[in-house]
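One-letter residues, chain by chain:
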Amino acid sequence: TQLLEQSPQFLSIQEGENLTVYCNSSSVFSSLQWYRQEPGEGPVLLVTVVTGGEVKKLKRLTFQFGDARKDSSLHITAAQPGDTGLYLCAGTTTDSWGKLQFGAGTQVVVTP
Amino acid sequence: ETGVTQTPRHLVMGMTNKKSLKCEQHLGHNAMYWYKQSAKKPLELMFVYNFKEQTENNSVPSRFSPECPNSSHLFLHLHTLQPEDSALYLCASSQDPLLARSQYFGAGTRLSVL
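So the protein lines, in turn, are chains A and B. According to this note's numbering, the stretch in the first sequence is residues 1 to 112, in order. According to this note's numbering, the stretch in the second sequence is residues 113 to 226, in order.
It should be emphasised that the hints constitute simulated quantities derived from the structure, not laboratory data. Since this is a predicted model, take the numbers as computed values, not measurements. Beta carbons are placed, not taken as given, at the ideal position from N, Cα and C, and that holds for glycine. Careful, some of the hints might be misleading.
[To be verified] Here's a subset of chain B near chain A, in silico, CB distances under 10 Å, partners left out:
| # | residue |
| --- | --- |
| 1 | Q118 |
| 2 | R175 |
| 3 | Y216 |
| 4 | A219 |
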């Protein structure tokens, strides 16, 4: 059983559309991060959230940490082909200090 | 450029070979990590080094042997691997070993075991 469940597993949309991907857990996280990974590369850190209810924006990307710190979402407005990639959420819990737990990822494909 | 460099980028080896993966970070971080990434599975943490000391071995088979000579360099020595060990091996570093957040990853080594 995975600690972090990501949904959907795969998402294909047209350029200009909006999308949301989700990261859920039954555990409480002290921090949660989102990464994007492109083929042949390592994951690149997009954002870190630490406070329940926190919302962070990075250009067209909006990240939200749930009030109970058990879930998070990533919303992309007006998606572009450059947003294509594997989106990974990862977090640390209070009983896993020093270890980052990863979800399996959501593969996003944005076609022109 | 993330500040974490891994070499080689690709490696093909037989089951009887011995090879090593190298990772170098230029970020002044205190913690370094080895992960294994297989298709459709979450990243699996293998080893954690904090201030050059190994603090985590996540039940990794002994055919994988890590080495951390200083806080900037990390190696993964491989010997008598199995075909199921074929995967992308990622190195990462972070500033705070306890929090482990905000990790910066290298591009990985794509390993194929024949």
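Going down the list of hints, with the structure as the test:
1. Q118: 8 Å, holds
2. R175: 22 Å, violated
3. Y216: Constraint on B:Y216 satisfied, holds at 7 Å.
4. A219: Status holds, d = 5 Å.
When the structure is compared with the earlier hints, a violation turns up for hint 2 alone.
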